[in-house]
Amino acid sequence: MNRIVIGYGNELRRDDAAGLTVVSSLESRIKPDSCRLVATTQLTPELAFDLADMDEAIFIDATPIGIPGKTVWTPIHVEDYSNPVTGHEGSPGHLLDLTRSAFGRAPRAFLITICGVDFGYGEDLTPVVQKSVDALVEELTILVETNRPVDTRPEESIHA
Amino acid sequence: MSRTLTIDPVTRIEGHAKITLTLGDDGQLEAAHFHVTQLRGFEKFCEGRPFTEMPSLMARICGICPVSHLVASSKACDRILAVTIPEPAGNLRRIMNLAQIIQSHALSFFHLSSPDLLLGLDSDPKKRNVFGVYEAAPELALDGIRLRKIGQTIIELLGGKRIHPAWIVPGGVSKPLSEEERDQILAFIPDAYAIASRTLDWFKSRLSTFQEEIRTFANFPSLFMGLISKEGGMEFYDGKLRIVNETGKLVEEGIESERFEEIVGEVAEPWTYLKFAYYKPLGYPQGNYRVGPLARLNVVDHCGTPKADEEWAEFRDLERGAILSSFHYHYARLVEILCCIEKMERILNRPEITSTHVRAFAEPNNRIGVGVSEAPRGTLMHHYEIDDNGLITKANLIIATGQNNGAMNRGVFQVAKHYIKKDRIQEGMLNRVEAVIRAYDPCLSCSTHAMGKMPFHIELMDQGGNLLDTVRRAAL
Numbered sequence: 001m002n003r004i005v006i007g008y009g010n011e012l013r014r015d016d017a018a019g020l021t022v023v024s025s026l027e028s029r030i031k032p033d034s035c036r037l038v039a040t041t042q043l044t045p046e047l048a049f050d051l052a053d054m055d056e057a058i059f060i061d062a063t064p065i066g067i068p069g070k071t072v073w074t075p076i077h078v079e080d081y082s083n084p085v086t087g088h089e090g091s092p093g094h095l096l097d098l099t100r101s102a103f104g105r106a107p108r109a110f111l112i113t114i115c116g117v118d119f120g121y122g123e124d125l126t127p128v129v130q131k132s133v134d135a136l137v138e139e140l141t142i143l144v145e146t147n148r149p150v151d152t153r154p155e156e157s158i159h160a
Numbered sequence: 001m002s003r004t005l006t007i008d009p010v011t012r013i014e015g016h017a018k019i020t021l022t023l024g025d026d027g028q029l030e031a032a033h034f035h036v037t038q039l040r041g042f043e044k045f046c047e048g049r050p051f052t053e054m055p056s057l058m059a060r061i062c063g064i065c066p067v068s069h070l071v072a073s074s075k076a077c078d079r080i081l082a083v084t085i086p087e088p089a090g091n092l093r094r095i096m097n098l099a100q101i102i103q104s105h106a107l108s109f110f111h112l113s114s115p116d117l118l119l120g121l122d123s124d125p126k127k128r129n130v131f132g133v134y135e136a137a138p139e140l141a142l143d144g145i146r147l148r149k150i151g152q153t154i155i156e157l158l159g160g161k162r163i164h165p166a167w168i169v170p171g172g173v174s175k176p177l178s179e180e181e182r183d184q185i186l187a188f189i190p191d192a193y194a195i196a197s198r199t200l201d202w203f204k205s206r207l208s209t210f211q212e213e214i215r216t217f218a219n220f221p222s223l224f225m226g227l228i229s230k231e232g233g234m235e236f237y238d239g240k241l242r243i244v245n246e247t248g249k250l251v252e253e254g255i256e257s258e259r260f261e262e263i264v265g266e267v268a269e270p271w272t273y274l275k276f277a278y279y280k281p282l283g284y285p286q287g288n289y290r291v292g293p294l295a296r297l298n299v300v301d302h303c304g305t306p307k308a309d310e311e312w313a314e315f316r317d318l319e320r321g322a323i324l325s326s327f328h329y330h331y332a333r334l335v336e337i338l339c340c341i342e343k344m345e346r347i348l349n350r351p352e353i354t355s356t357h358v359r360a361f362a363e364p365n366n367r368i369g370v371g372v373s374e375a376p377r378g379t380l381m382h383h384y385e386i387d388d389n390g391l392i393t394k395a396n397l398i399i400a401t402g403q404n405n406g407a408m409n410r411g412v413f414q415v416a417k418h419y420i421k422k423d424r425i426q427e428g429m430l431n432r433v434e435a436v437i438r439a440y441d442p443c444l445s446c447s448t449h450a451m452g453k454m455p456f457h458i459e460l461m462d463q464g465g466n467l468l469d470t471v472r473r474a475a476l
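These protein sequence lines are chains C and V, in that order. Sequential numbering from 1 applies to the first sequence in the numbering used here. Sequential numbering from 1 applies to the second sequence in the numbering used here.
Note that these hints are calculated values from the structure, not bench results. None of the values given here were measured: they were computed from a predicted structure. Do not take every clue at face value.
[Said to hold, decoys possible] Just a few of them, taken from the derived set where beta-carbon distance is under 7 Å, the chain V residues facing chain C: (1) L142; (2) I145; (3) R148; (4) K149; (5) Q152; (6) F203.
[Claimed, not checked] Derived SDA-like pairs (lysine to any residue); straight-line CA-CA distance at most 20 Å: (7) V/K161 to C/I4; (8) C/K31 to C/V144; (9) V/K126 to C/K31.
For glycine and all other residues, C-beta sits at the position ideal for the given N, C-alpha and C.
Same shape as in the complex, but just chain C:
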């Protein structure tokens, strides 16, 4: 299975770097060819090339909404994103829709969000988010090493 993990956020805004931190941690833990890893500040249209030949895409981002530290996995349904992308702040769904328009297909995809506490200026994660990042890295490492798709995870952990 071809899989890509895209972590995105601002590395200078504390918990907003959660997705980036997950990806950089995975880089040192998984075999280079087992999964494509991308750490980026924002989702840009040219990522469509990276997505085009993938079977599965996992997007990781921080969110200010929810219970601090809570990690939520949500499937992305591309058919829900038929509106044009704004270009400046593309969401995973819009990016996948762009991929589908450009290449005729898009991978099945999931968005993992970690609820952050502090999005102020700084380079370190808050302890509660760091703990969630560490746990997510463990889980993703196992998923990648066993080459299992995301939807083999326990059903109750994936929010529709």
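Chain V: place on chain C using the hints.
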């Protein structure tokens, strides 16, 4: 009875902007103002910082063109150190700068402007976006993201990341280029050439359909400024400043970076946070000038690379003298993409490009440092002054968009004058006002809803505050 027409908000420039149009007693347009309504403050909050931090700080002015600020800032720091950086380092900086221009111009042309150019300025706004381009011309759309990816990937190969790479530093660059990396970049060149050539052919085939826009889009006499090489050719990294007038006649040349303040002045108007630059000998506002792709192609004697030179010659045939219509910024961007690809290939094939000698080290030796380079949007100047401890006491940044501010305001006036009749706003005005701003590719574009759907709301009021006419378009 005089009336004021307000378009608010026009954009979010990492912030916001609006337009006001004032009609006189006779109902004719008297004035147009493009108000930038948010303060950035970089010049002020850098005071007290070590000068060595400036490139990293300045790169964060913009997420689309951080490399441009890295280049200009590092050049200013080189002057403070009083070093001549190793030639391989200068060439490596050039490669990153060229990649930056390629990806930025690709963004502007393919993502921001091609929906208008392909589908027409009066087409359905719901379709006038990148998805509409995919439907109507899928190869054009794919070419756009492919070209942008090439530019971004080169930046990432050199600097370690696509946005805000920290690789360009005072004294040179932080790591050399390996042979493998050089070969990876060279492998992109054929595809990049093919895309640039295809797109130029496509655009030129459509020029005849834009005669009205060419005539009305900020089409007026002005000065033009840009850097040129020793041979009078296109120069994005170094060189000296040259200014020509609307007939193409030379006004000023041979100005070294550190002397830019002899000819460039700045004025702040009370109704906008974006400063206006002007050519000092003519004063303000007579000395308004334009920078960026159109200006660069007007000031040079040639591009200096064969494919681009052919295209440049054809471009200059559009008019006698300088090319005046700001609509032609789109055309100029495509010629520059081609020039950048050629220059990059030439530099990469130099044997010393993989040298490991890529940085000069020194302590501060000057209190003042000035760095000037060509950013995608135009000439960019960084001027720093430091104290005995190497801390910044003054930072003055003259950004390309600010230098085009006078022209943008004039462009809005021209378009509005064409489309506002008495007390009614003509259909198509919103799109044209938006499009004339976008022709300059200001940093404002990244804060507009980039697929041609600025959240415009225009109200035409009389002196008594009575609403005469309204046009509204919601944001995405």
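The hints, checked one at a time:
1. The restraint placing V/L142 at the interface with chain C holds, with a minimum CB-CB distance near 6 Å, inside the 7 Å limit.
2. Annotation: V/I145 was flagged as interfacial toward chain C, and the flag holds, the nearest CB pair being 5 Å apart, inside 7 Å.
3. For V/R148, the interface hint holds, the least distance from its beta-carbon to any beta-carbon of chain C being 5 Å, beneath 7 Å.
4. About 4 Å separates the beta-carbon of V/K149 from the nearest beta-carbon of chain C, less than 7 Å, and the hint is met.
5. With a cut of 7 Å, the hint placing V/Q152 at the interface with chain C holds, because the nearest CB-to-CB distance is about 6 Å.
6. The interface hint given for V/F203 is violated, since its Cβ lies 20 Å from the closest Cβ of chain C, which is over the 7 Å cut-off.
7. For the suggested pair V/K161 and C/I4, the alpha carbons sit about 17 Å apart, so the restraint of at most 20 Å is met.
8. Note on C/K31 and C/V144: the hinted pairing holds, with a Cα-Cα distance of about 9 Å set against a maximum of 20 Å.
9. Proximity of V/K126 to C/K31 is assessed by CA-CA distance (about 44 Å); at most 20 Å being required, the pair is judged violated.
Of the numbered hints listed earlier, those contradicted by the structure are 6, 9.
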